[in-house]
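From first to last, the protein sequence lines stand for chains Z and S.
Position one of the first sequence corresponds to residue 1 (the UniProt record's numbering), numbered consecutively onward.
Position one of the second sequence corresponds to residue 1 (the UniProt record's numbering), numbered consecutively onward.
None of these hints come from the bench; they were simulated from the model.
Heads up, a few of these hints could be off.
[Unchecked claim] Derived, one-sided and incomplete: chain Z residues facing chain S with beta-carbon distance under 7 Å:
#1 Leu23
#2 Ile55
#3 Leu100
#4 His101
[Said to hold, decoys possible] Computed footprint of chain S on chain Z, listed as stretches where at least three residues anywhere in the stretch have a Cβ under 8 Å from a Cβ of chain S:
#5 26-36
#6 92-98
No residue lacks a Cβ here, since even glycine has one placed at the ideal position from N, Cα and C.
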Amino acid sequence: MIIEQSHFLFTALYIFSISIGGLLLNRKNIIILLISIELMLLAINLQFVIFSVYIDDIIGQICALLILTVAAAESAIGLALLVVYYRVKGTININKINLLHG
Amino acid sequence: MLLTLVLLPLLSTFTVFFIRFIGNKYAAFICTILLGLTFFFSLKSFYYIALMQNPCYMQTLPWFLNENLTIFWGFLFDSVTCVMLIVITSISFLVHLYSIEYMGGDPHLGRFMSYLSFFTFFMLILVTGDNLVQMFVGWEGVGLCSYLLINFFYNRIQANKAALKAMIMNRIGDFGLSLGIMLIFFLCKSVDYHVVFSSIPFLIENSLYFFNIKVNLITCICLLLFIGAVGKSAQMGLHTWLPDAMEGPTPVSALIHAATMVTAGVFLIIRCSFLFEFSDTALDILTIVGALTAFFAATTGLLQNDAKRVIAYSTCSQLGYMVFVCGVSGYSASLFHLANHAFFKALLFLTAGSLIHGMQDEQDFRKMGGLSKLLPYSYSMFLIGSLSLAGFPFLTGFYSKDMILELTFSSYLFKGTFAYTLGVISAFFTAFYSFRLIYWAFLAKPNGYRYSYEHASESKFFIVAPLAILSLASIFVGYIFRDMFLGVGTSFWNNAIFVLPENNLILESEFIPTFNKLTPVFFSLLGSFTAFIIYNFLLKKIFTLNFVFIKIYTFLNKRWYFDKIYNEFIAIYLVKMGYSITFKLIDRGLLEMFGPVGIINKFLKLSRNLSNIQSGLIYHYLFVMLMGLIIFLSLIMGQIQNYIFISANILLIFVVLVFNFLV
């Protein structure tokens, strides 16, 4: 079986869709939310790398590196917020984060 | 002299501003003196203008100067005006004199006098105006003063209601009159009497299409003017205010509701004889309505128990006489009756006031009785007034009333016979109720409270003197002025009244059968004797009469149920309609729901729904983001494929959004 570009892209798309599903359907835990976001960034990274290889252009890989750092920073900040939130509320349940409703 | 005559009562009105400096008593005397001067001037003008046949016409200041509509403050003094002047100023002067004593105990005497003078001023404007608009000023002014005077005791609810009723009933008539004036302007392009009356003979063919029905314009004008006269002169239909207006003080009843204001309608008809003569339809309606009024009011007056109310219905009945004789073109007889009636009706009212005053303000004559010994002066005055009213031979009323009946008989038309018959029957009833009143008040056994009899006394000079003067007038005026007013070929009117040659009945009326000439007198005498006999000898029998009699009694005592019908079948429904349709349905319903309240409610609900979208839950926000992305993408895809598909899609999305978020 010849592995084509589309197979790689579909893999990335599936990962992205699963992560969206994780964001939408998860009703309990903020950590799963953060993990899903990481997964989304991962899928995007994968796409960048695939396109970089197939187009034969280094810029995609540069972007992938950049996104890696952004993702790391983001998850650091996210986890920090999570800790602060847990310190205040004593829980990390998403259903309880609706104090700012209209 | 002539303008002074008109403006003196206005000057007299202004005393009201100085009451606090000069006091009520002096204000009253000043008013009376000024009115006396007015009376003197009007006598003088009567001599110079009416007797010397020297009509005077002047235009003073301009009022409206538009392109086509030029109205001046103009004054026209001719025979008709001068007769009215004499009537108004003499009665007004005597009533002023009378009020000094009668209202002497009232803390607002000055205000009362001022109102009386103000009324006189407007009445003078009404009769002296040389155009219809100025006449209308006076017309409305006397309506206003009528309101103020009926409502003089403003803390009495009945007086308030009566005043409102008088104002509103008059206003219905004024509506017709103002329409009539507008039509006259439409037809003649002027409202000045001289222009209108001289151009009318050339305009008799003009007609108007109203609801696709062709109406002769002059008939239309005359009928509208007549509606005004119906309102002011209390003809059948709009008469209910007149008896209620008896809530005002007695001098007011004497001045306004007997002698002057109610005759304004008749004056209007007489003044507009130039118009009425050219419309046979209007004349027919005048005759029939007038005759019905005379009959209706006479029967109603039969069984009223309030002294003033009886006299009020008598006024109404006599106004009917004046109107129906106008309908057979007997304008001069109408004016003659107007003048005579003013004197004897003022006498009757003022005497009734004296009687009421003497009996501790008791108005119900069933609680009087036996006063001929206690109040002989009032008795004799009342007798003179009643005899004159009933048309006792050779008193004032006889000359005009019999002339009216002769004139109507000599018109060989159905309407003449109709009016004659009803007039004669009314004459019978008139005599009957006059003598019923006299019997109950003066001749019957005492029925009142002992206290009243202990304190019953004749009044002082200022009440007695006007009665004496009016009684002399009630006896002699008719005899003295008969030939001048009604003589065959009299030149007194001097073009002030116009009668078409084919309508002129003065000569015929002299040659009607003797039987028909004597009938009214006979019926009057019969009426007075019947009243005396019934109430003197058959009183016990009357109270044991049967069911039918009670029905008739109630019918007449409740004034033919006119008030009941107006209240329960018209007024209530109008008020209900005003509340449920105009107020509840339109104002508070449609206009508010499509207006401010509806918009406010809608936006409140909308914003509540929109803010509910912000649930605060993260996955909801994510869902909205995702859905937005999907919808946006699908729209773009759709647009690429097919335009119609996309617009249907947008529509669907829009509907779903609206349905979810807005409702």
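Violating hint indices (sorted, rising)
2
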